[in-house]
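Chemist: Given the sequences, and given the hints that come with them, work out the whole structure.
For what it's worth, the numbering used here labels the leading residue of the sequence shown as 1, then goes sequentially.
Hints are supplied without guarantee of correctness; some may be wrong.
[Said to hold, decoys possible] Between beta-carbon pairs, the in silico distance windows are: (1) Arg198 to Arg47: 37 to 45 Å; (2) Arg198 to Glu365: 41 to 49 Å; (3) Ala63 to Ala226: 43 to 51 Å; (4) Glu252 to Asp403: 43 to 51 Å; (5) Glu88 to Ala290: 38 to 46 Å; (6) Leu206 to Ala150: 20 to 28 Å; (7) Asn189 to Glu252: 49 to 57 Å; (8) Glu81 to Gly314: 44 to 52 Å; (9) Asp186 to Arg47: 26 to 34 Å; (10) Ala388 to Arg46: 50 to 58 Å; (11) Gly59 to Ala388: 40 to 48 Å; (12) Glu365 to Asp209: 52 to 60 Å; (13) Ala277 to Arg47: 27 to 35 Å.
Calculated directly from the structure, the hints in this document are not laboratory data. Glycine included, each C-beta is placed from N, C-alpha and C at the ideal position.
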Amino acid sequence: MLLNDPAPAALAALDALAPGPALGVAVSGGGDSVALMRLAALWGARRGALVAVATVDHGLRAASAAEAAAVVAQAASLGLEATALRWEGWDRRGNLQAQARAARYRLLADWARARGLGAVALGHTLDDQAETVLLRLMRGSGVDGLAAMAPAATRDGMRWLRPLLGLRRADLRGWLAAQGAGWIEDPSNDDARFQRVRARRAMDALGLDAAGLAQTAARMGRARAALEAQTAALWAQSARVGACGEVLLAREALRAAPPEIALRLLADALRAASGAALRPRLEALEALCAALASPGAMAGRTLHGCVVAARGDGATLAREPAAAARGALARGLCDGLCDGLWDGLWDGRWRVAAQAPGAVGPLGETGAAALRAAARAGTWAAPPSWRAAPRAARLTTPCLWRDGRLGCAPIAGYGAGLEAAWAAPLPAGLSPCAFG
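Modeler: Next comes the structure, spelled out in structure tokens:
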């Protein structure tokens, strides 16, 4: 019998976190995720729940395809269905780890939606949490950064669960060894070129306690939840989302609120307008907040993939057209479009479903010209909500294109074949608005 058996705590965490009878599990093949897979198999058998496994082959190492196949084989031995997903999007530029992480979340989210899974479980442990806190302390992070990883969070339109956050890496590996189960050791976990590896070694050298650092994260998490509740209450009073996904914000709310709440309100507005998973950098956010709180008009300026303008007591945040095209490409769509029938999250902001063949992309200048021609011909009339929206917001709405021609602009009420509902991130506790 193991001295520190992780199974009871892991199963209890899955009971508390899993939202329904179908759960996805992301498995890299390392010890933590393999333990999660085997624990989830136990949980699924006890609950009568479907557990499906996915592994992402980033194609960055010669052994990656074989490692993905090994994960699929081990999942099959447990009676779990498994899928190997492949990322081929790195252009050999920029931050490889950040790009691979973002791609991994997108691929897993699309896979989970296609399988009808309510959430995807990740294998982060107490040790990962402690390392994250230390890394963010080194960067001078505030409450949100030091709260580190939450047990449950939403990103890319999917719910992500971390049922192992209270468990130690060594205990999970001991549990696997007791079962005779193997796992893959990723050589990058010992590569001192990576900051996380250096942080892990610094913890050992300084005698830092992982449990203590993780407790700091839990306490900061409580503080974050309180701040988020205040921000959500202010959002409900002072912000709304227009028909084209633009965010309308009362400038007085930024002036009257405590500075921390004002910054959070503005950050949430930028995330909602842009569909971004993360908030903008604090320095840029503070500068924009000060400008919006100042009296007088503010000409359009860009930040975080948004165009922001203000007049009177109102500020408008709309998706930046150039950023929308780049964002669609970065999210894995083909040249900003997606051929064939498609159902998924587009540009991080719109849940779209195509009922006819074509390509999903932004309206853009070409589509706007097509709508003007239809209006002149009397075949289309702009609804009031469309006319009231900023031009940038209209240009970045999702549309269905067929052979280079505009087939459907659902937010404008033009054509047929595509449905769209706004699904960008909102402050905690609020639900997105939907449009047909």
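Chemist: Does each hint hold? Answer for all of them.
Modeler: The hints, checked one at a time:
Taking the beta carbon of each, Arg198 and Arg47 are about 40 Å apart, inside 37 to 45 Å as hinted. The hinted window of 41 to 49 Å between Arg198 and Glu365 holds, with their beta carbons roughly 48 Å apart. Roughly 46 Å separates the CB atoms of Ala63 and Ala226, a value that falls within the hinted 43 to 51 Å. For Glu252 and Asp403, the hinted distance range of 43 to 51 Å is satisfied, since their beta carbons lie about 49 Å from each other.
Between Glu88 and Ala290 the CB atoms are about 43 Å apart, so this pair conforms to the stated range of 38 to 46 Å. At about 26 Å, the CB distance of Leu206 to Ala150 agrees with the hint of 20 to 28 Å. Between Asn189 and Glu252, the C-beta spacing of about 50 Å keeps the proposed range 49 to 57 Å intact. Separation of Glu81 from Gly314 is about 51 Å and conforms to the stated range, judged on CB atoms against 44 to 52 Å.
Against the hinted window of 26 to 34 Å, the Cβ-Cβ separation of Asp186 and Arg47 comes to about 31 Å, which satisfies the hint. At roughly 53 Å, the beta-carbon separation of Ala388 and Arg46 lies within the given 50 to 58 Å, and the hint holds. Between Gly59 and Ala388 the Cβ separation comes to about 46 Å, which falls inside the hinted range of 40 to 48 Å. Taking 52 to 60 Å as the suggested C-beta distance range, the pair Glu365 and Asp209 conforms, at roughly 58 Å.
In this structure the supplied range 27 to 35 Å holds for Ala277 paired with Arg47, their Cβ-Cβ distance being about 30 Å.
Violation of the numbered hints given earlier is absent; every hint is satisfied by the structure.
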